[in-house]
Amino acid sequence: MSVRILKTLEDLDRYESWVLSHPEGNFWQSIDRIKYLENRSKEVLVYIYEKDKSILCSALVVIDKTTLGLSTWDIPRGPIFKSGNEKLAKEVIHRICDDAKKNRCMEITISPPVKIDLPSKFKKSEYLHHAEATIIIDVSKTEEEILTQMKPKGRYNIRVAGKHNVEVDKSEDINLFYDLIEKTSKRDQFTCLPKTSYEAFIKDIPNSFLLVASASTSTDVKTNSNNAIAVLLGAKWNNHQVYYYGASDHSYRACMAPYSLQWEAIKHAKAEGCTSYDLLGIAPPDSVNHPWKGITSFKEKFGGEIKIYPPEMRIRFRPISMLLLSIKRKMF
1 MSVRILKTLE
11 DLDRYESWVL
21 SHPEGNFWQS
31 IDRIKYLENR
41 SKEVLVYIYE
51 KDKSILCSAL
61 VVIDKTTLGL
71 STWDIPRGPI
81 FKSGNEKLAK
91 EVIHRICDDA
101 KKNRCMEITI
111 SPPVKIDLPS
121 KFKKSEYLHH
131 AEATIIIDVS
141 KTEEEILTQM
151 KPKGRYNIRV
161 AGKHNVEVDK
171 SEDINLFYDL
181 IEKTSKRDQF
191 TCLPKTSYEA
201 FIKDIPNSFL
211 LVASASTSTD
221 VKTNSNNAIA
231 VLLGAKWNNH
241 QVYYYGASDH
251 SYRACMAPYS
261 LQWEAIKHAK
271 AEGCTSYDLL
281 GIAPPDSVNH
291 PWKGITSFKE
301 KFGGEIKIYP
311 PEMRIRFRPI
321 SMLLLSIKRK
331 MF
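Its first residue numbered 1, the sequence shown is counted upward by one per residue in the working numbering.
Please note that a few of the clues may not be correct.
Claimed, not checked - Computed Cβ-Cβ distance ranges for the label pairs, DEER-style:
id, residue 1, residue 2, range
1, L9, D64, 41 to 49 Å
2, N227, P311, 40 to 48 Å
3, L9, K115, 42 to 50 Å
4, K267, H290, 27 to 35 Å
5, N39, N227, 52 to 60 Å
To be verified - Subject to a maximum C-alpha distance of 25 Å in a straight line, what follows is the list of computed DSS-like cross-link-like pairs (lysine-lysine):
id, residue 1, residue 2
6, K51, K115
7, K307, K123
8, K51, K87
9, K195, K170
10, K121, K102
11, K170, K141
12, K7, K151
13, K307, K124
14, K87, K115
15, K35, K7
It should be emphasised that the hints constitute simulated quantities derived from the structure, not laboratory data. We put the CB at the ideal spot given by N, CA and C, even for glycine.
Generate coordinates for the entire structure from the input sequences, incorporating the hints supplied.
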């Protein structure tokens with residue numbers, strides 16, 4: 001029995017089979033993201049605890065290197081482990097911490113899918129890398145059943161989009177997506193990634209997809225030069241679909257295109273044989289003045305079940321370096 005880092009393609013295939021079959025297996029811990037992350041200049045390490053070539057616990061680690069050989073390590077929605085083997089998760093985390101300290105790591109963050117017992121030096125993270133809660137829609141139901149479980153306003157806004165003749169199509173034109181998300185980021189005051197990151201998402205993540213909602217041709221809506229009024233970037237992994245990025249043209253808000261876009265994404269998930277559709281992130285229930293209040297209200301209209309994750313935790317090995325990096329990121 002030992003903790004080791006996977007290195008061979010055979011090892012990674014075995015790891016992916018483990019993640020696919022595990023009830024807490026997820027997109028963020030899958031090898032589907034490795035090429036995408038590496039093309040964004042990040043390093044990925046996969047740690048496992050195994051016995052007789054059987055994986056009992058694993059953690060995919062994303063390493064973001066910065067100046068002077070320093071780095072931050074992140075374990076998104078991991079580790080995952082067999083029921084009753086929580087102690088093994090702690091052993092894997094200990095090994096990761098040891099390796100991180102040897103490699104000039106400033107901080108490790110962990111966003112576990114289920115509650116785990118971490119070493120006492122881990123503290124609740126002040127800056128969140130991953131959502132505290134999400135909404136998951138059961139798309140194994142019929143379309144009628146999915147519509148019925150939505151809030152009345154959600155169903156109504158889908159009908160409004162239909163009256164405006166909003167049409168949704170698949171696309172590979174990342175320029176359409178980037179133009180809209182750049183505008184949306186300025187409007188809603190969030191950081192927009194470089195266009196190359198979105199290009200890598202659609203190129204390097206298997207079963208990723210881009211949906212584009214087109215402007216109505218009716219006379220009550222002014223003409224858009226490219227006719228794209230809302231966009232959605234998502235991915236399918238196993239039998240789950242994830243809504244990852246979205247944006248819309250505020251001047252066309254009366255058309256309710258984002259509602260039509262999400263409804264088509266739900267139908268896309270069903271057509272792909274998925275059983276669930278993850279809307280990715282919302283404010284935790286009962287939170288006050290949360291910055292995601294607006295997007296949460298939008299997502300709640302589609303119904304589904306709220307899933308709350310355990311708190312994101314972090315351990316700092318170089319607090320001064322981490323503080324300086326945080327100041328730099330706020331400035332630039």
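Do the hints match the structure? See the list:
1. L9 <-> D64: 41 to 49 Å: Roughly 24 Å apart at Cβ, these two residues miss the hinted range, so it is violated.
2. N227 <-> P311: 40 to 48 Å: holds, 43 Å
3. L9 <-> K115: 42 to 50 Å: violated, 33 Å
4. K267 <-> H290: 27 to 35 Å: holds, 30 Å
5. N39 <-> N227: 52 to 60 Å: violated, 30 Å
6. K51 <-> K115: Distance of about 23 Å is within 25 Å: holds.
7. K307 <-> K123: With a Cα-Cα distance of about 22 Å, the restraint between K307 and K123 holds, given a limit of 25 Å.
8. K51 <-> K87: The hint holds at about 14 Å.
9. K195 <-> K170: Holds, at roughly 19 Å.
10. K121 <-> K102: Holds, at about 17 Å.
11. K170 <-> K141: Since the Cα atoms of K170 and K141 sit roughly 23 Å apart, the hinted pair holds (cutoff 25 Å).
12. K7 <-> K151: This hinted pair is violated, its Cα atoms lying about 48 Å apart.
13. K307 <-> K124: holds, 19 Å
14. K87 <-> K115: Holds, because 12 Å separates the two Cα atoms, which is no more than 25 Å.
15. K35 <-> K7: Since the Cα atoms of K35 and K7 sit roughly 15 Å apart, the hinted pair holds (cutoff 25 Å).
In this structure, the hints that do not hold are numbers 1, 3, 5 and 12, in rising order.
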